[in-house]
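Undergrad: With these hints in hand, go ahead and build the complete structure from the sequences.
There are 2 protein chains.
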Amino acid sequence: MENEKLQQLKNLLGEVWDISMAAAVLGWDQETYMPPGGSKARGIQLSTLSRIAHTKFTSPKIGELLSELEPEAANWDPDSDEARLVKVTRRDYDKATKVPSDFVAEMTRVASEAQVAWREAKEKSDFSKFEPYLARIVELRRQYADFFAPYEHVYDPLLDDFEPGLKTADVQRIFEALRPQQVALIKAIAEKPQVDDSFLHQPYDEKKQWDFGVEVITKFGFDWKRGRQDKSAHPFTTSFSVNDVRITTRIVPDFLGTGLFGTMHECGHALYEQRVDPALERTPLGHGASLAIHESQSRLWENLVGRSRPFWEHFYPRLQEYFPAQLGNVDLETFYKGINKVEPSLIRTEADEATYNLHIMLRLELEIALMEGSVEVKDLPEVWNEKMREYLGVTPPDDAHGVLQDIHWSMGALGYFSTYALGNLISAQWWERMHEDIPNLDEQIRAGNFADLLGWLREHIHRHGAKFEPQELVKRVTGSGIDPAPYMRYLKTKYGEIYNL
Amino acid sequence: MENEKLQQLKNLLGEVWDISMAAAVLGWDQETYMPPGGSKARGIQLSTLSRIAHTKFTSPKIGELLSELEPEAANWDPDSDEARLVKVTRRDYDKATKVPSDFVAEMTRVASEAQVAWREAKEKSDFSKFEPYLARIVELRRQYADFFAPYEHVYDPLLDDFEPGLKTADVQRIFEALRPQQVALIKAIAEKPQVDDSFLHQPYDEKKQWDFGVEVITKFGFDWKRGRQDKSAHPFTTSFSVNDVRITTRIVPDFLGTGLFGTMHECGHALYEQRVDPALERTPLGHGASLAIHESQSRLWENLVGRSRPFWEHFYPRLQEYFPAQLGNVDLETFYKGINKVEPSLIRTEADEATYNLHIMLRLELEIALMEGSVEVKDLPEVWNEKMREYLGVTPPDDAHGVLQDIHWSMGALGYFSTYALGNLISAQWWERMHEDIPNLDEQIRAGNFADLLGWLREHIHRHGAKFEPQELVKRVTGSGIDPAPYMRYLKTKYGEIYNL
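Order-wise, the sequence lines are chains A and B.
Position 277, counted from 1, in the first sequence is what my numbering calls 512; the numbers after and before it change by one each time, with no gaps.
Position 106, counted from 1, in the second sequence is what my numbering calls 341; the numbers after and before it change by one each time, with no gaps.
Mixed in with the good hints there might be a few duds.
Stated by the list, open to error - Below are the DSSO-like pairs computed for lysine-lysine, each with C-alpha atoms no more than 30 Å apart in a straight line:
| hint | chain 1 | residue 1 | chain 2 | residue 2 |
| --- | --- | --- | --- | --- |
| 1 | B | Lys466 | B | Lys442 |
| 2 | A | Lys291 | B | Lys245 |
| 3 | B | Lys443 | A | Lys442 |
| 4 | B | Lys245 | A | Lys275 |
| 5 | B | Lys291 | B | Lys245 |
| 6 | B | Lys454 | A | Lys275 |
| 7 | A | Lys333 | B | Lys296 |
| 8 | B | Lys291 | A | Lys330 |
| 9 | B | Lys330 | A | Lys291 |
| 10 | A | Lys359 | B | Lys460 |
| 11 | B | Lys291 | A | Lys333 |
| 12 | B | Lys322 | B | Lys296 |
| 13 | B | Lys296 | A | Lys466 |
| 14 | A | Lys296 | B | Lys245 |
| 15 | A | Lys442 | B | Lys291 |
| 16 | A | Lys466 | B | Lys454 |
As the list claims (entries may be wrong) - Selected chain A positions facing chain B (in silico; Cβ < 7 Å):
| hint | residue |
| --- | --- |
| 17 | Asp253 |
| 18 | Met256 |
| 19 | Val260 |
| 20 | Asp264 |
| 21 | Gln280 |
| 22 | Pro399 |
| 23 | Arg461 |
| 24 | Gly462 |
| 25 | Arg463 |
| 26 | Ser476 |
The set of hints was computed from the structure by calculation and includes no laboratory data.
Just so you know, even glycine gets a beta-carbon here, dropped at the ideal spot from N, CA and C.
TA: Quick look at the structure:
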């Protein structure tokens, strides 16, 4: 099936890929090792690379090759790498060419200024300092959406950048079904005796935290010959090829949770990228399918595995060996309940599994309202606080702990947040399906054996890279679309048992 | 003087610069942190970046802008940044456009294969495994020279890539004057009682070696906000902007010399790059003037400062505090003589100041002979060994310790070696001149004060970046061309005193 035009297309896409990977290396360095003096030049270098990549990807030659290949591709196996490559490249090409490069440059410039303003606003807990920048960003995001008119919903083009093929109406329908159940669950938990997690909040040696995390993710299957772990202020995963996938972690000296679960979370992303079929490299198919599918991996390892009883039945004695003074007198049951404590709180990134999605729903509703114009930027802090009270029963004491907490909007990334919650839902869909295919999975985890689990993920998800759009992938593997039911079943079973509901 | 065409030229050159800096980050990562799995993709990424940078730098638009600017520039101050920018860009542009990109690709491909072959040949100490690759490289280097015909000497175009403006005849004349004097000095030393350096060869804690090195180069003036140090198998300096200059070092657990002098050496390179005028950034002027000028900096800090008695009068008590068990009973005089021990040896990178240049002369002569065709590749090991006996009185036991020891030829970098020796010579020229300008320089060094020294280098050398070609720069600062006399005076004084000549 390989032919000359396809090869030409791959060569051009490979060049774009290489530039993007170079930019990823620069980004990784920026967050890990770059001295402070390097930041200004680094910003310029990254902007040059992204401009070159965009120019090359939107070159008419790629459009011509696609048009020439499409009639041929109609006769190819529609699930073949080649047919999917033509299809996905066409989708991305059409999107990229609809956006003028002047607009891209303006968006980049505004986002860069907005991030500076956001940092200052957050530091001073003063939304007014960020407000004009956010207003400009919302304006630009509306302009962006209009490049894709007509659309069903003005928010659709934004969502599509992160979840190809998914519509705003889909997400709203899913969240509508989910919200009342999560709210009810939290209320039920609040009426029960609360669990104690104070033992997590004491001094934990940073080196030992690091070493235990390494031990865990090595067992998970992280391949250190094709990856590494470093420290950074905000943990992330990045990859420069399927054979060079890097994670970062943040260790907090007086709280065990951040480093421990953060490391497992990033490892989940990395296991995905390390196992994409190498044949897909240097093409738009050579990485994870979408942010939600990615998050379904990180959340699966962090929560469904890493906060499960079988996991700790295996690892807890080992953790006690690392920290005898802190955990020697804490029994497994107390520990297990402690790491699964449910408590409505102000900050999304610190939220537990039962409350997390509500933080996301709030953000999605506000983003949609901003795009529709039904909420104005200046009213955002007030609306935020109202919704926090409504969904979680807590009130932010100031904007830093409310509307200013996340960096995403300052980066122009409206459309991003829902992928976090969708990832949670999808992780539970994999989990149910996986237990059908591997009946003794819990026993394997209890024995510290993750080979079948990882093999299943590789076979059904990882190796396909971005060949299938998120909804299609979920359907192929589970037989249904994105569905909140498995996640609710999971939460109800888990917390029902912990809180005696 | 700033005008629109000049700004257009700067924008295009800035883009090329950014790509080169991105490639430098990828190169740094490759040698410091990259997991082994990453190497194949990294090679492809680097080759893509270098191809894009070459294509962009040789674009006709740059040629047009130069042609339009040159008549104007004739009226500008010839030493202004702008006039020099046009001049240097023209020089580099004419060179770059003379070489077809097919040739560049072929050279890159052959060099990549040759390095693999060289590694294997060196490991097995079998020159025959490398011979066909080197023969092909010599052939390609002759072709390369022919792109620049007519030339005075076939070796000139090669040398010019590393030392703009310098001719083979210049280097030969300099080396001819130097060789008999260095040979005579070594003979005289050999007839005297030898010094003891056995105390350098014992276990030295790696962390303490690292820390002492950091203490020294911090005093030198290395700016940690605009740079960093990491470990690598082969120490090097690289920069991604004047505000992000990085060095690497290699610490050997049972020999003090490697880490200590290697760190000072790389710091010398870094102090140069950290002090180039920021106004020259993102242009071909925004880095060091040439390899020889660079080496004049690294060697000055490593040898003229770092192996001097005043330096150790200040730092030796501190070093003894770091290593009381190893050096507590070694007095300053013994230490000073030990680190300046002269001993003809087989390996260039381990050679002392008195013998080092002879290793270089041997290589230059062989490179010229290969290019002229007066020595054939197959006869190289034999000719190498003959010259080693003649110049240094030692005979390599095998090719790994002889003709196969350096990576340079396998990289296609014929023309490179002489810059090491020229750097030594030039460092002594700066040194003499500097002592005239700063009469109490030795006292300052004895007090651990390097501010005037660094200030002098910045004023006369660093800030100019690549505005002046190496010979012009030497002339501007010292009043004479590249001259071996100061270096010989330095060697004779130093070793005359150490060895009672």
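Undergrad: Could you run down the list of hints and mark each one as holding or not?
TA: Each hint tested on the structure:
1. Lys466(B) <-> Lys442(B): holds (12 Å)
2. Lys291(A) <-> Lys245(B): holds (22 Å)
3. Lys443(B) <-> Lys442(A): holds (20 Å)
4. Lys245(B) <-> Lys275(A): The hint holds at about 18 Å.
5. Lys291(B) <-> Lys245(B): holds (13 Å)
6. Lys454(B) <-> Lys275(A): Given pair Lys454(B), Lys275(A) holds - Cα atoms ~26 Å apart, limit 30 Å.
7. Lys333(A) <-> Lys296(B): holds (28 Å)
8. Lys291(B) <-> Lys330(A): holds (27 Å)
9. Lys330(B) <-> Lys291(A): holds (27 Å)
10. Lys359(A) <-> Lys460(B): holds (26 Å)
11. Lys291(B) <-> Lys333(A): Holds, at about 26 Å.
12. Lys322(B) <-> Lys296(B): holds (16 Å)
13. Lys296(B) <-> Lys466(A): Violated, at roughly 44 Å.
14. Lys296(A) <-> Lys245(B): holds (28 Å)
15. Lys442(A) <-> Lys291(B): It is violated: about 47 Å lies between the C-alpha atoms, which goes past 30 Å.
16. Lys466(A) <-> Lys454(B): At roughly 28 Å apart (the allowed maximum being 30 Å), Lys454(B) and Lys466(A) satisfy the hint.
17. Asp253: Since chain B brings a Cβ to about 4 Å from Asp253(A), closer than 7 Å, the hint holds.
18. Met256: holds (5 Å)
19. Val260: Holds - the Cβ of Val260(A) comes within 7 Å of chain B, reaching about 5 Å at its closest.
20. Asp264: holds (6 Å)
21. Gln280: Since chain B brings a Cβ to about 5 Å from Gln280(A), closer than 7 Å, the hint holds.
22. Pro399: violated (25 Å)
23. Arg461: holds (3 Å)
24. Gly462: holds (6 Å)
25. Arg463: With a minimum Cβ separation of about 5 Å from chain B (threshold 7 Å), the hint on Arg463(A) holds.
26. Ser476: holds (3 Å)
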